[in-house]
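Each chain, written out:
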Amino acid sequence: MPKARASPAGTAAEPPHPKRRRLPDDDANSMPRYSSPAEDMNRDEDTTEYPGRSRAHRPLARRDRLPTSPNRTRDASASRSRSRSGRSRTRSTSPRSDEDEQQRRYRSRSSTSSRESRSRTSSRSRSRSYSRSITRSRSPRSRSRTRSRSRSSSIRDRSRSVSPSRFQGRRPSKSHAEQLRPNYRPRLELSGHTAAISQVRISPDGKWIASASADGSVKIWDATTGNNLDTLIGHMAGVSCLAWAPDSNTLATGSDDKAIRLWDRVTASPAHACGDESNRGQGPREYIRGGSQLARTARGGRTGMGPLLGHHNYVYCLAFSPKGNILASGSYDEAVFLWDVRAGRLMRSLPAHSDPVSGIGFCCDGTLVVSCSTDGLIRIWDTSTGQCLRTLVHEDNPAVTNVCFSPNGRFVLAFNLDNSIRLWDYVSGTVKKTYQGHKNSGFSIGGGFGVVTDNKDTQDDYRHGNIGKPFVVSASEDGDIVMWDVVTKQIVQRIEKAHEGVCFWVDVNGDTMVSSGQDCTIKVYKNVRRKKHDRRLKFDKPNGISAIDGTNGHGNGRGIEINEAMGDDDL
Amino acid sequence: MNLLLAEDYLLQDYPEHITNTIRSGHSTCVRFNRTGDFLASGRVDGTVVIWDLETMGVARKLRGHSKNITSLSWSRCGRYLLSACQGWKAILWDLQDGSKYCEVRFRAPVYGAELHPMHHHQFAAALFEEQPMLVDVKESAQGANPVEVRHILPSVEKRSDDGADTPTKEKHAKEDARHMTTAIVYTATGEHLLAGTTKGRLNIIDATTHKIIYSEKIAGGVITTLRLTESGKELLVNAQDRTIRTFKVPDLTSADLDPDTIQIPLEHKFQDLVNRLSWNHAAFSSTGEYVAASTFNNHELYIWERGHGSLVRMLEGPKEEQGVIEWHPHKPLLAACGLETGRINIWSVTSPQRWSALAPDFVEVEENVEYIEKEDEFDIHPHEEIQKRRLDAEDEDVDVLGGGGAGGGDVAPFRMPVLFNLGESDSEEEFVNVGLGTLRRKSPDDQDDGAPASEGRPPAKKTVTQRTRTRKR
Numbered sequence: 001m002p003k004a005r006a007s008p009a010g011t012a013a014e015p016p017h018p019k020r021r022r023l024p025d026d027d028a029n030s031m032p033r034y035s036s037p038a039e040d041m042n043r044d045e046d047t048t049e050y051p052g053r054s055r056a057h058r059p060l061a062r063r064d065r066l067p068t069s070p071n072r073t074r075d076a077s078a079s080r081s082r083s084r085s086g087r088s089r090t091r092s093t094s095p096r097s098d099e100d101e102q103q104r105r106y107r108s109r110s111s112t113s114s115r116e117s118r119s120r121t122s123s124r125s126r127s128r129s130y131s132r133s134i135t136r137s138r139s140p141r142s143r144s145r146t147r148s149r150s151r152s153s154s155i156r157d158r159s160r161s162v163s164p165s166r167f168q169g170r171r172p173s174k175s176h177a178e179q180l181r182p183n184y185r186p187r188l189e190l191s192g193h194t195a196a197i198s199q200v201r202i203s204p205d206g207k208w209i210a211s212a213s214a215d216g217s218v219k220i221w222d223a224t225t226g227n228n229l230d231t232l233i234g235h236m237a238g239v240s241c242l243a244w245a246p247d248s249n250t251l252a253t254g255s256d257d258k259a260i261r262l263w264d265r266v267t268a269s270p271a272h273a274c275g276d277e278s279n280r281g282q283g284p285r286e287y288i289r290g291g292s293q294l295a296r297t298a299r300g301g302r303t304g305m306g307p308l309l310g311h312h313n314y315v316y317c318l319a320f321s322p323k324g325n326i327l328a329s330g331s332y333d334e335a336v337f338l339w340d341v342r343a344g345r346l347m348r349s350l351p352a353h354s355d356p357v358s359g360i361g362f363c364c365d366g367t368l369v370v371s372c373s374t375d376g377l378i379r380i381w382d383t384s385t386g387q388c389l390r391t392l393v394h395e396d397n398p399a400v401t402n403v404c405f406s407p408n409g410r411f412v413l414a415f416n417l418d419n420s421i422r423l424w425d426y427v428s429g430t431v432k433k434t435y436q437g438h439k440n441s442g443f444s445i446g447g448g449f450g451v452v453t454d455n456k457d458t459q460d461d462y463r464h465g466n467i468g469k470p471f472v473v474s475a476s477e478d479g480d481i482v483m484w485d486v487v488t489k490q491i492v493q494r495i496e497k498a499h500e501g502v503c504f505w506v507d508v509n510g511d512t513m514v515s516s517g518q519d520c521t522i523k524v525y526k527n528v529r530r531k532k533h534d535r536r537l538k539f540d541k542p543n544g545i546s547a548i549d550g551t552n553g554h555g556n557g558r559g560i561e562i563n564e565a566m567g568d569d570d571l
Numbered sequence: 001m002n003l004l005l006a007e008d009y010l011l012q013d014y015p016e017h018i019t020n021t022i023r024s025g026h027s028t029c030v031r032f033n034r035t036g037d038f039l040a041s042g043r044v045d046g047t048v049v050i051w052d053l054e055t056m057g058v059a060r061k062l063r064g065h066s067k068n069i070t071s072l073s074w075s076r077c078g079r080y081l082l083s084a085c086q087g088w089k090a091i092l093w094d095l096q097d098g099s100k101y102c103e104v105r106f107r108a109p110v111y112g113a114e115l116h117p118m119h120h121h122q123f124a125a126a127l128f129e130e131q132p133m134l135v136d137v138k139e140s141a142q143g144a145n146p147v148e149v150r151h152i153l154p155s156v157e158k159r160s161d162d163g164a165d166t167p168t169k170e171k172h173a174k175e176d177a178r179h180m181t182t183a184i185v186y187t188a189t190g191e192h193l194l195a196g197t198t199k200g201r202l203n204i205i206d207a208t209t210h211k212i213i214y215s216e217k218i219a220g221g222v223i224t225t226l227r228l229t230e231s232g233k234e235l236l237v238n239a240q241d242r243t244i245r246t247f248k249v250p251d252l253t254s255a256d257l258d259p260d261t262i263q264i265p266l267e268h269k270f271q272d273l274v275n276r277l278s279w280n281h282a283a284f285s286s287t288g289e290y291v292a293a294s295t296f297n298n299h300e301l302y303i304w305e306r307g308h309g310s311l312v313r314m315l316e317g318p319k320e321e322q323g324v325i326e327w328h329p330h331k332p333l334l335a336a337c338g339l340e341t342g343r344i345n346i347w348s349v350t351s352p353q354r355w356s357a358l359a360p361d362f363v364e365v366e367e368n369v370e371y372i373e374k375e376d377e378f379d380i381h382p383h384e385e386i387q388k389r390r391l392d393a394e395d396e397d398v399d400v401l402g403g404g405g406a407g408g409g410d411v412a413p414f415r416m417p418v419l420f421n422l423g424e425s426d427s428e429e430e431f432v433n434v435g436l437g438t439l440r441r442k443s444p445d446d447q448d449d450g451a452p453a454s455e456g457r458p459p460a461k462k463t464v465t466q467r468t469r470t471r472k473r
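Residue numbers (full-length UniProt numbering), protein chains in the order written: chain E, 1 to 571; chain L, 1 to 473.
I should point out that these hints are in silico values taken from the structure, not numbers from a laboratory. Among the clues, some could well be false.
[Claimed, not checked] What follows is a set of in silico ranges between Cβ atoms, one per label pair, in the way DEER data are often shown:
#1 Asp256(L) / Lys207(E): 50 to 58 angstroms
#2 Gly309(L) / Thr488(E): 52 to 60 angstroms
#3 Pro146(L) / Gly501(E): 53 to 61 angstroms
#4 Thr488(E) / Ala6(L): 26 to 34 angstroms
#5 Pro382(L) / Thr488(E): 21 to 29 angstroms
#6 Glu316(L) / Thr488(E): 55 to 63 angstroms
#7 Thr488(E) / Arg389(L): 15 to 23 angstroms
#8 Met118(L) / Thr224(E): 38 to 46 angstroms
Only a predicted model underlies this, so the values are computations on that prediction, with no experimental measurement involved. Just so it is clear, CB atoms sit at the ideal spot from N, CA and C, and this is done for glycine as well.
Let's have the full structure, built from the sequences with the hints guiding it.
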């Protein structure tokens with residue numbers, strides 16, 4: 001029966017079938033994939049049953065290659081064939097000729113043409129049944145399309161009428177709003193990584209930048225000078241994700257080697273390493289010895305306590321709780337793990353999704369965790385009980401590749417692979433806003449919220465979240481960085497060609513913005529406040545990014561100051 | 001924030017079953033901080049262990065006492081912790097770095113010490129066979145150690161027996177010398193102290209003049225526990241006459257307070273008339289709506305409802321007598337120390353997984369509902385039109401910044417630093433049964449690290465029930 005709905009990949013005229021998870025024959029041949037993580041754990045060693053399926057088909061980091069160059073990915077990862085993909089076994093029965101193509105599509109999460117997805121979704125409803133365990137979360141997709149649409153639209157209507165007034169935005173005055181437009185100008189370009197940089201994040205105190213790269217290393221940079229302070233080496237494969245602890249002293253990184261490592265920012269050594277309590281009493285800061293000299297060498301490895309092990313597949317996303325005591329991780333093994341950071345112990349494992357967990361986030365008070373997956377679901381979990389409290393799914397069911405809470409924890413921002421970013425009200429379960437204008441159909445790109453304030457002390461304002469105008473920022477696959485006004489959904493700033501190729505990640509902390517991309521560079525931007533009189537002039541101009549494009553390559557591990565970009569403004 | 005998604009029926013008022021057992025050495029007393037995310041426990045060997053309730057793991061260990069910890073008290077901000085021990089000592093800890101902010105030696109073992117409810121510069125201590133003390137901790141200007149200033153508080157009201165003859169005076173003086181304070185707490189504002197004595201009297205002491213302004217005999221035996229609710233309007237008294245009493249506390253802050261008109265009316269008496277049980281320790285629930293008590297020579301915890309004074313629940317736990325019992329400041333969660341093993345048992349509620357939360361187009365219904373199809377339910381509209389309509393509908397104003405937890409107060413709340421070395425350093429004896437049945441033993445040889453050998457502890461701690469985790473959550 002499933003074969004009757006022929007895989008579109010077989011017909012040459014059709015565009016490549018995009019989402020692996022939507023392939024009808026998945027159902028027939030990949031039952032193990034939908035098993036719960038509990039079973040998954042038992043099957044950890046099963047990969048040996050398929051010696052032919054090597055990890056080779058997966059590049060060492062998923063963001064490390066263009067979707068259009070399958071050969072290159074194979075070559076690049078051939079050296080890593082010793083480690084096998086836990087996932088590939090699930091595809092063992094798919095035709096060999098298709099496999100490469102499928103995997104490529106799957107990993108790159110390429111776009112879904114809307115027509116196809118619709119027809120598939122509706123046809124699928126016939127074969128699906130709800131009798132399968134709900135935890136596997138396939139059910140939402142099985143409903144009839146038209147029906148679900150009308151239903152959820154009615155939900156939306158209702159929720160709008162009852163939406164509590166206290167969450168209504170406070171709109172600043174018009175001129176004020178105009179002044180509070182983001183105006184990020186390039187300031188530094190950091191180079192040093194040798195492969196694509198999958199994530200880059202600014203520390204909560206705004207002083208440091210950490211970048212995770214497909215070359216297996218993590219670098220820490222000084223956010224003001226752009227100096228490369230440390231290179232953290234220890235992961236055996238590409239690093240997909242990283243997270244800063246709220247005190248900015250600890251960094252967690254997750255890698256394709258299935259391990260999560262915690263690093264002390266100051267010593268650049270694994271954070272669990274030291275058992276010397278007397279020394280440790282004052283917290284990590286005590287480790288400042290020898291200062292910069294010590295900090296410049298690349299260290300790491302396996303001293304002391306090892307990494308956090310437990311995931312059965314690539315670790316794909318990480319988030320620290322606001323108190324810093326819990327680390328949440330999402331993996332290709334479809335589970336969300338909550339770790340006790342202090343003891344380095346797996347606290348809870350949530351059988352979260354039926355596809356790789358692609359994004360994870362904590363809300364501001366730490367009581368909720370949100371996770372998303374390429375299965376199109378966004379789930380909200382209670383941190384203390386580990387129960388799923390809400391599942392959000394869009395009618396079109398586009399894959400979700402990244403998710404985060406709004407600063408006040410009332411909304412969830414989800415990055416979908418249909419070139420849209422959606423703002424969900426998770427209490428009512430409705431989409432409040434859809435942001436479009438960037439390109440996102442194949443990669444896990446990142447972004448988040450930022451706030452523009454009208455005075456310089458943005459740190460405090462952002463933390464207290466009261467003054468200023470919020471915006472949504474996202475990377476784009478055409479190398480741009482796009483910013484939208486949260487309420488009006490209009491693009492308020494677009495930094496064109498920030499990166500060659502895909503721009504993977506953008507992070508904002510106050511007036512500092514940082515982005516990373518396929519071109520192995522990191523760029524740092526600073527918000528330059530507009531003067532009232534010339535704001536209109538400044539806005540339409542592209543921000544001179546092209547001026548720095550030629551600087552890749554030189555400046556080994558150092559930031560290059562971009563003077564000219566700031567020069568003409570009111571700094 | 002998770003309350004936004006909670007259902008009403010999940011919000012139960014009092015704990016139902018034992019959900020966790022945590023253990024570090026032999027704990028003798030526990031205390032929650034004001035926000036309820038940390039639990040301090042004092043051990044027989046004098047170590048104070050701070051537990052993170054979110055992870056059920058050890059957040060910090062404080063070493064400085066050498067004897068049994070008798071009482072713990074958190075500061076309002078959660079940064080300071082006062083611990084008192086039988087070794088004649090009280091230590092005020094700064095949890096920012098785990099150092100001793102101030103250490104005060106007394107001339108007797110300490111029954112209990114309570115920190116001022118508003119700040120950490122003053123505390124009151126009830127001492128064994130000594131008069132209670134009020135200790136002011138003054139920060140010295142040059143950054144040296146803070147100095148403490150002690151004031152002796154009275155246990156007995158001054159007698160106005162000027163006219164009495166000498167034998168009577170002597171007799172009174174003798175009596176008064178044996179009259180000791182056994183429990184002392186601050187009122188909600190910290191302007192007054194409530195003290196219970198060996199003869200069952202309740203004294204109200206002015207914290208600035210150090211004078212007793214009111215005294216009345218409220219119990220027939222030694223008062224062992226005094227507890228106030230968060231609002232400070234209800235007082236819980238446990239005495240050795242096998243009765244727990246609750247009182248209404250009048251407002252003592254009014255400017256024209258006349259000590260002669262103070263009345264502390266008795267509200268309820270909780271006792272077990274059949275078994276004549278006596279109570280080890282008692283605690284108010286978060287709102288004061290319930291009273292929980294641990295029983296002497298018995299395994300159960302009793303929970304009474306304060307409105308009617310009726311017994312609502314007897315909590316079963318491990319077959320062990322429970323000592324100090326504490327109610328979480330805002331959750332239906334009880335922590336109690338087992339007297340024999342020194343484990344901390346936690347009773348709580350487990351809410352069922354709502355299955356409809358996993359599949360958003362499902363609704364949990366009580367009975368079958370006939371589905372009535374809408375007129376346009378199966379109409380097919382072009383995708384673009386739907387998309388456009390959808391986007392046009394998103395005209396609502398949203399506020400992603402304010403209104404939530406992001407809005408900070410005047411002072412940044414204290415955040416306990418996260419330490420990584422605890423697991424390695426000395427927690428071989430740590431043995432944690434994390435809820436839902438994840439049983440953890442830190443090290444295969446699980447030994448005591450400080451508890452006296454006389455503590456009869458089962459060598460293999462397997463008494464804790466291990467539930468199989470349901471993966472279907």
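Practice task
Could you tell me which of the hints above the structure violates, numbers in ascending order?
Solution key: none
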